[in-house]
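Starting from the known structure of chain A, arrange chain B on it as the hints suggest.
Line by line, the protein sequences give chains A and B.
Read in the numbering used here, the first sequence has 133 at position 133, and its numbers run on one by one without any break.
Read in the numbering used here, the second sequence has 191 at position 191, and its numbers run on one by one without any break.
Among the hints, a few may not be true.
[As the list claims (entries may be wrong)] Footprint (simulated), chain A over chain B, 3 or more residues, beta carbon under 8 Å:
id: 1; stretch: 32–45
id: 2; stretch: 281–295
[What the hints assert, rightly or not] DSBU-like cross-link-like pairs, simulated, lysine-lysine; straight-line CA separation at most 35 Å:
id: 3; chain 1: B; residue 1: K62; chain 2: A; residue 2: K8
id: 4; chain 1: B; residue 1: K197; chain 2: B; residue 2: K207
id: 5; chain 1: B; residue 1: K301; chain 2: B; residue 2: K212
id: 6; chain 1: A; residue 1: K8; chain 2: B; residue 2: K197
id: 7; chain 1: B; residue 1: K197; chain 2: B; residue 2: K301
id: 8; chain 1: B; residue 1: K105; chain 2: B; residue 2: K197
id: 9; chain 1: B; residue 1: K220; chain 2: B; residue 2: K197
id: 10; chain 1: B; residue 1: K46; chain 2: B; residue 2: K62
id: 11; chain 1: A; residue 1: K130; chain 2: B; residue 2: K45
id: 12; chain 1: B; residue 1: K310; chain 2: A; residue 2: K8
id: 13; chain 1: B; residue 1: K105; chain 2: B; residue 2: K220
id: 14; chain 1: B; residue 1: K207; chain 2: A; residue 2: K8
id: 15; chain 1: A; residue 1: K130; chain 2: B; residue 2: K51
id: 16; chain 1: B; residue 1: K105; chain 2: B; residue 2: K275
id: 17; chain 1: B; residue 1: K220; chain 2: A; residue 2: K100
id: 18; chain 1: B; residue 1: K275; chain 2: A; residue 2: K130
id: 19; chain 1: A; residue 1: K8; chain 2: B; residue 2: K212
id: 20; chain 1: B; residue 1: K207; chain 2: B; residue 2: K301
id: 21; chain 1: B; residue 1: K46; chain 2: A; residue 2: K130
id: 22; chain 1: B; residue 1: K220; chain 2: A; residue 2: K8
id: 23; chain 1: B; residue 1: K220; chain 2: B; residue 2: K301
id: 24; chain 1: B; residue 1: K275; chain 2: B; residue 2: K46
id: 25; chain 1: A; residue 1: K100; chain 2: B; residue 2: K310
id: 26; chain 1: B; residue 1: K62; chain 2: B; residue 2: K275
id: 27; chain 1: B; residue 1: K51; chain 2: B; residue 2: K301
id: 28; chain 1: B; residue 1: K220; chain 2: B; residue 2: K310
id: 29; chain 1: B; residue 1: K105; chain 2: B; residue 2: K207
id: 30; chain 1: B; residue 1: K105; chain 2: A; residue 2: K42
id: 31; chain 1: B; residue 1: K62; chain 2: A; residue 2: K130
id: 32; chain 1: A; residue 1: K100; chain 2: B; residue 2: K301
id: 33; chain 1: B; residue 1: K45; chain 2: B; residue 2: K62
If you are wondering where the hints come from, they were derived from the structure by calculation, not from laboratory data.
If you're wondering where the values come from, they're calculated on a predicted model, not measured in any experiment.
Backbone N, C-alpha and C define an ideal beta-carbon position, used for all residues, glycine too.
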Amino acid sequence: MTRENRRKLEGCIALSLSALAAFLGLFWLVFILGDVMIHGIKAMNLSLFLSDPAPAGAEGGGLRNAFIGQGMITLFATLTGVPVGVLGGTFLAEYARGRKIARIISVLSDIMVSVPSIVIGTFIYAVLVKPAGHFSGWAGAVALSVIMIPVVLRTTEDMLSLVPWTLREAAFALGAPYYKVILQVVYRGAAAGILTGILLSIARVAGETAPLLFTSFNNSFFSLDMNQPISSLTVTIFQYAMGPYENWHAQAWAASLVITVFILILTIAGRLIIQWRYR
Amino acid sequence: MFTASKKNPVDRIFSLITALASFSIIILIAGILFVLFSEAMPAIKKFGVVKFLLSTDWDPVKESFGALTNIYGTLLTTLLSLMIAIPIGMGIAIFVTEISPNFLKTPIGTAIELLAAIPSIIYGMWGLFTLSPIMSSTIEPFLKKITADVPLIGVLFQGTPMGIDILTAGVILSIMIIPFTASISRDSFNLTPAVVKESAYAIGATKWEVIKNIVIPYSKLGVFGGIVLSLGRALGETMAVAFVLGNNHRITTSLLDAAATITVTLANEFAEADKDIYLSSLFYLALVLFVMSFITLAIAKYFLLRAERKYSR
Numbered sequence: 001m002t003r004e005n006r007r008k009l010e011g012c013i014a015l016s017l018s019a020l021a022a023f024l025g026l027f028w029l030v031f032i033l034g035d036v037m038i039h040g041i042k043a044m045n046l047s048l049f050l051s052d053p054a055p056a057g058a059e060g061g062g063l064r065n066a067f068i069g070q071g072m073i074t075l076f077a078t079l080t081g082v083p084v085g086v087l088g089g090t091f092l093a094e095y096a097r098g099r100k101i102a103r104i105i106s107v108l109s110d111i112m113v114s115v116p117s118i119v120i121g122t123f124i125y126a127v128l129v130k131p132a133g134h135f136s137g138w139a140g141a142v143a144l145s146v147i148m149i150p151v152v153l154r155t156t157e158d159m160l161s162l163v164p165w166t167l168r169e170a171a172f173a174l175g176a177p178y179y180k181v182i183l184q185v186v187y188r189g190a191a192a193g194i195l196t197g198i199l200l201s202i203a204r205v206a207g208e209t210a211p212l213l214f215t216s217f218n219n220s221f222f223s224l225d226m227n228q229p230i231s232s233l234t235v236t237i238f239q240y241a242m243g244p245y246e247n248w249h250a251q252a253w254a255a256s257l258v259i260t261v262f263i264l265i266l267t268i269a270g271r272l273i274i275q276w277r278y279r
Numbered sequence: 001m002f003t004a005s006k007k008n009p010v011d012r013i014f015s016l017i018t019a020l021a022s023f024s025i026i027i028l029i030a031g032i033l034f035v036l037f038s039e040a041m042p043a044i045k046k047f048g049v050v051k052f053l054l055s056t057d058w059d060p061v062k063e064s065f066g067a068l069t070n071i072y073g074t075l076l077t078t079l080l081s082l083m084i085a086i087p088i089g090m091g092i093a094i095f096v097t098e099i100s101p102n103f104l105k106t107p108i109g110t111a112i113e114l115l116a117a118i119p120s121i122i123y124g125m126w127g128l129f130t131l132s133p134i135m136s137s138t139i140e141p142f143l144k145k146i147t148a149d150v151p152l153i154g155v156l157f158q159g160t161p162m163g164i165d166i167l168t169a170g171v172i173l174s175i176m177i178i179p180f181t182a183s184i185s186r187d188s189f190n191l192t193p194a195v196v197k198e199s200a201y202a203i204g205a206t207k208w209e210v211i212k213n214i215v216i217p218y219s220k221l222g223v224f225g226g227i228v229l230s231l232g233r234a235l236g237e238t239m240a241v242a243f244v245l246g247n248n249h250r251i252t253t254s255l256l257d258a259a260a261t262i263t264v265t266l267a268n269e270f271a272e273a274d275k276d277i278y279l280s281s282l283f284y285l286a287l288v289l290f291v292m293s294f295i296t297l298a299i300a301k302y303f304l305l306r307a308e309r310k311y312s313r
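Isolated chain A (complex conformation) (with noise of 0.2 Å):
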């Protein structure tokens, strides 16, 4: 074989491996949606939604107090987390702008990002659970806001920044406070790329189960009182998948089909804002 045609082989045996990697990546997703879809919309009815747990493994039964639960667990975290990781991604894109502070708070919540969702679920046990000396849905809102708080901080101080310098010294030279400047002009160019980040920081902590372990941990009655252990989609479907019966599995992979339905909606959402918006 002449050099020519050693290298022209190695090259094309180089590029289909990597078409095949691609190809690869896009059989994981089908495989795996797939698969929810089909076995989720078999267990799904109606009862689902609207009654609460059969006794072990007595036939029928639904995992309403599951939705309600994760629905305030989710949305008392939304309202804690969001407003301080906005609040905090001002004072960096903003206040601090180019200091040091700045930067160190920048990539500390970077990191934070990224640390394992459990150990925040160990250290609001310690703090919050152990005290108490029970279990309560105030714990697990607690966890999932702690996880919010670096996404929503982050994505802010990111859209903030594209806001153009010209446009707040237009509001200064009007005589602005600069407080004045942040909440009427800043936010308002930003808003459509604050609110993606708060979008998918709800998509986030939605499916996040291992914080919820041991600080809401699971409730097999339907319960509105944050002040008590409440039950939750996530830490459900982790009950009822290993469990030993088969009603548990269909009505887990209900519950999963129904989270992850909702998490892609709210991500493809994020994404056609930032379409739409920064195009």
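Same frame as chain A, now just chain B:
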């Protein structure tokens, strides 16, 4: 930075609130370190540092605890997942940046991003119900057969293929981290200046030679940062491996054995720990994991920042 506005009292209050909000990150990190450390104190006193890290004991009945089996499981699954994820992730990045026709770029990019968005519990459940039976019935017996007579490698595939083992956990973990490796490699590849690539083409290099000799060396800082970031992610992943790893506190040489990682031990035993020293040892494990992943992520961030600085020049 804006001295004139500082005179406004409302502005001062607002800036203080935002400052407080951003300092919450520092407070959280310091708080996690402090709380985990003080909760782990009884176990640290009882077992010491080196002894705890190197002991293979994990016996709740005798109240004797050591981290080595957990650390071993964590490192082994992580290593395995990286060995699968790095070539595939790089392959995806090469395909998307250099080969793919334009109409395929968006679907593959989106697919990779969606793969990253799927929550880990879904991976775990899919692994338990779908992947694990496939592994135990087809893939693992096949690997066993072809490696049976190969010295050294054969040891890796000894035992009964059950599907609930290190190999399955490694495969699931690799699917989870492929998106990180792929998207960071893609972003780094994209930063190679077209002029440099074109010069290589002009002297007769093939496409693969350009990728191998120009693009990859040029972007190695970013790619390396991405790999270390994936490593940090894999270390702390819980739910994806909790379903398929078993919970076996033993050092094993076979990939077809059940094992335990730090995260899986925490997930399975934390809520059940009935004795103080047991709980304290679990906090000790959490502290070890936190320190391990924090250092790994900090190294990743360091390389990514250096890459950023290099390319922005």
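Status of the hints after comparison with the structure:
1. 32–45: holds (count 4)
2. 281–295: Satisfied; 7 residues make the cut.
3. K62/B / K8/A: 65 Å, violated
4. K197/B / K207/B: Within the cut-off at roughly 9 Å; holds.
5. K301/B / K212/B: The hint holds at about 25 Å.
6. K8/A / K197/B: 18 Å, holds
7. K197/B / K301/B: 27 Å, holds
8. K105/B / K197/B: 20 Å, holds
9. K220/B / K197/B: 15 Å, holds
10. K46/B / K62/B: 13 Å, holds
11. K130/A / K45/B: 21 Å, holds
12. K310/B / K8/A: Roughly 32 Å between the alpha carbons, so the hint for K310/B and K8/A holds.
13. K105/B / K220/B: 22 Å, holds
14. K207/B / K8/A: 9 Å, holds
15. K130/A / K51/B: 28 Å, holds
16. K105/B / K275/B: 55 Å, violated
17. K220/B / K100/A: Answer holds: K220/B to K100/A is near 27 Å, not above 35 Å.
18. K275/B / K130/A: Holds. K275/B to K130/A sits at ~13 Å (cutoff 35 Å).
19. K8/A / K212/B: With Cα atoms ~14 Å apart, K8/A and K212/B stay inside 35 Å; holds.
20. K207/B / K301/B: 31 Å, holds
21. K46/B / K130/A: 22 Å, holds
22. K220/B / K8/A: 24 Å, holds
23. K220/B / K301/B: 14 Å, holds
24. K275/B / K46/B: 14 Å, holds
25. K100/A / K310/B: 20 Å, holds
26. K62/B / K275/B: 11 Å, holds
27. K51/B / K301/B: 31 Å, holds
28. K220/B / K310/B: Distance of about 11 Å is within 35 Å: holds.
29. K105/B / K207/B: 18 Å, holds
30. K105/B / K42/A: 33 Å, holds
31. K62/B / K130/A: Since the Cα atoms of K62/B and K130/A sit roughly 24 Å apart, the hinted pair holds (cutoff 35 Å).
32. K100/A / K301/B: Since the Cα atoms of K100/A and K301/B sit roughly 16 Å apart, the hinted pair holds (cutoff 35 Å).
33. K45/B / K62/B: 17 Å, holds
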